[in-house]
Structure formats: structure tokens, C-alpha cells
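> Each chain, letter by letter, is given below.
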Amino acid sequence: MTSAVFPGRYTSLESISEFVIQAAQHAGLDDAAVYAVQLAVDEAATNIIEHGYGGEDLGEIGCQCEIVAEGLRIRLEDHAPPFDPQAVAQPVLNVPLEDVRPRGLGLFFIHKMMDEVQFDFSPEGNTLTMLKRR
Amino acid sequence: MEITTTEYKNCDVIHPIGRVDSAGAPQLEAAINAVTQLGRHKIVLDMSEVTFVSSAGWWVLIGAQKNCKKHRGEVVLACIETGIRASLKLVGMDDYFRIYDEMTAAVGNI
Chain L
0 MTSAVFPGRY TSLESISEFV IQAAQHAGLD DAAVYAVQLA VDEAATNIIE
50 HGYGGEDLGE IGCQCEIVAE GLRIRLEDHA PPFDPQAVAQ PVLNVPLEDV
100 RPRGLGLFFI HKMMDEVQFD FSPEGNTLTM LKRR
Chain Y
0 MEITTTEYKN CDVIHPIGRV DSAGAPQLEA AINAVTQLGR HKIVLDMSEV
50 TFVSSAGWWV LIGAQKNCKK HRGEVVLACI ETGIRASLKL VGMDDYFRIY
100 DEMTAAVGNI
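Sequence order for the protein chains is L and Y.
Letter by letter, the first sequence follows residues 0 to 133 in numbering that gives the first Met the number 0.
Letter by letter, the second sequence follows residues 0 to 109 in numbering that gives the first Met the number 0.
Note that these hints are calculated values from the structure, not bench results.
Given the structure is predicted, the values throughout are model-derived calculations rather than measurements.
Check the hints yourself; a few may be wrong.
As the list claims (entries may be wrong) - Residues from chain Y that face chain L, not an exhaustive set, calculated with beta carbons under 8 Å:
1) ARG18
2) SER21
3) SER54
4) ALA55
5) ARG97
Claimed, not checked - Capping the alpha-carbon separation at 16 Å, the derived lysine to aspartate or glutamate pairs in EDC-like fashion look like this:
6) LYS65(Y) to ASP30(L)
7) LYS41(Y) to GLU73(Y)
8) LYS69(Y) to ASP98(L)
Said to hold, decoys possible - The following label-pair restraints were derived from C-beta to C-beta distances:
9) GLN36(Y) to VAL67(L): 49 to 57 Å
10) GLY54(L) to SER47(Y): 32 to 40 Å
11) PHE120(L) to GLU48(Y): 38 to 46 Å
12) PRO25(Y) to LEU92(L): 19 to 27 Å
13) ALA85(Y) to LEU96(L): 17 to 25 Å
Using N, Cα and C, we set each Cβ at its ideal position, and we do this for glycine too.
Using the sequences and the accompanying hints, generate a full structural model.
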């Protein structure tokens with residue numbers, strides 16, 4: 000298992016991506032799955048910064064990558080106030096261009112890109128656990 | 000993220016290099032706005048050296064497409080990496096853009 004802690008700012012996103020790409024490649028995921036992991040983790044980390052902490056440089060993001068029998072398990076940890084993923088508006092897709100509204104796409108990508116997604120909230124912090132199968 | 004803009008007779012080509020994530024998306028938005036503020040609304044986005052696009056990047060491009068279409072222009076995408084294109088297709092947003100595999104076709108058809 001590899002782990003790292005990153006400052007909660009948008010310029011950390013590239014470093015976080017590099018960290019999970021390396022783990023995904025070591026786990027034997029193909030190129031499409033590696034991109035999927037990168038996208039899901041980027042969206043999750045962005046949500047932590049934007050919606051969890053409410054801005055940049057207000058907390059840290061912990062990232063753990065574990066190669067398991069099925070593929071790669073990733074845990075993102077933060078100490079932001081808990082949020083209800085069910086309360087996030089779903090993106091409205093397949094509508095005329097003028098009706099498209101910028102909302103909910105990040106969470107949508109996370110669920111579409113990963114095989115398992117679980118949010119856990121406790122007084123100590125929040126954990127997002129995701130699994131990508133080979 | 001490094002971005003270059005080249006003005007042609009019929010359009011402008013914007014060529015970002017790197018990741019269009021929440022750190023890079025505002026830079027891309029600024030580059031697009033710099034073109035549209037000149038009254039030019041036909042834009043080819045050369046994505047040959049873009050390695051990643053998050054939802055923040057797609058929202059910038061959707062906003063740009065809305066604005067350009069209002070002014071009888073368009074944003075077209077060229078040379079998109081496979082994983083990026085797959086994520087665009089997944090959310091059905093590929094219908095909002097004409098996509099070309101080659102720059103010459105994109106510039107020639109806008």
C-alpha cells in the first residue's frame with residue numbers, strides 16, 4: 000500500500016493524479032481504466048477542496064492506494080464537514096445545448112468511472128473508498 | 000498549463016498543453032475569452048497535447064460553445080486523446096461539438 004498527503008489546493012491535482020496513475024499502472028489496469036481512475040480521483044479531490052473545505056488551502060487530502068486481488072482500491076481522506084452525496088444535484092444530460100447547466104458532473108463521473116464507491120463520515124473526518132477492477 | 004492562440008483568416012486555433020483540470024480550466028477560459036472579446040467566435044481547440052480534461056474543463060467548453068453559437072460561431076474539437084473522448088461520450092456531451100481527428104479537417108470545415 001502507498002499513501003501520501005497533499006495540500007488541499009487545485010495545483011495539487013496534478014500530483015495526486017500522478018500518484019494514482021502510478022498505482023493504477025502497478026495494479027495492472029489498462030489505459031482506459033487508468034484514465035478512469037485519474038478522472039474519478041481528480042473529481043473527488045476537487046469536490047473535497049471546493050465543496051468540503053469550501054476553498055483552497057483550508058485542509059489536506061490524504062490518498063491511499065492498495066493493490067488488491069480485484070484491482071486497485073483508493074481511499075481519499077479529508078477533515079472537512081460531512082456532506083450528503085444524495086443531496087448533490089444530478090447532471091441533466093442529453094438535452095439541447097442551451098439547457099445544459101453546470102452541476103453534478105463530478106460525482107456522476109466518480110460513479111461511472113469506478114466499480115465501487117463508498118462515502119463514510121465520522122467526527123474524525125470523511126473517507127471516500129473506490130475500487131477499480133482489472 | 001501552456002496555451003498558444005493562432006489567428007487564421009476564418010478561425011482561431013487554441014492549443015493548450017497539459018491538463019485541463021480545476022487548476023487549468025480558468026486559464027483555458029481566459030484564452031477563449033481573449034478571442035471572443037475580439038468578436039471572433041469560430042474556434043478550433045487543438046487537443047493533441049491535452050492529456051486530461053475534468054468536469055471543470057468541460058464546463059468551460061460548454062460555456063464557450065453556448066457563447067460562440069449565439070454569435071453564429073462554433074467551438075470545434077480536434078485530435079482528442081482516446082480516454083478524454085470516451086469520458087465526453089459517456090456523459091453525452093460529444094453531441095455538443097463537432098470533433099475531428101485532424102487539424103486540417105477541423106480548420107477547413109469550421
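> Decide, hint by hint, whether the structure agrees.
Status of each hint after checking the structure:
{"no.": "1", "hint": "ARG18", "verdict": "holds (6 Å)"}
{"no.": "2", "hint": "SER21", "verdict": "holds (4 Å)"}
{"no.": "3", "hint": "SER54", "verdict": "holds (4 Å)"}
{"no.": "4", "hint": "ALA55", "verdict": "holds (7 Å)"}
{"no.": "5", "hint": "ARG97", "verdict": "violated (12 Å)"}
{"no.": "6", "hint": "LYS65(Y) to ASP30(L)", "verdict": "violated (32 Å)"}
{"no.": "7", "hint": "LYS41(Y) to GLU73(Y)", "verdict": "holds (5 Å)"}
{"no.": "8", "hint": "LYS69(Y) to ASP98(L)", "verdict": "holds (14 Å)"}
{"no.": "9", "hint": "GLN36(Y) to VAL67(L): 49 to 57 Å", "verdict": "holds (51 Å)"}
{"no.": "10", "hint": "GLY54(L) to SER47(Y): 32 to 40 Å", "verdict": "holds (34 Å)"}
{"no.": "11", "hint": "PHE120(L) to GLU48(Y): 38 to 46 Å", "verdict": "holds (40 Å)"}
{"no.": "12", "hint": "PRO25(Y) to LEU92(L): 19 to 27 Å", "verdict": "holds (24 Å)"}
{"no.": "13", "hint": "ALA85(Y) to LEU96(L): 17 to 25 Å", "verdict": "holds (21 Å)"}
The structure does not agree with the numbered hints 5 and 6 stated previously, though it agrees with the rest.
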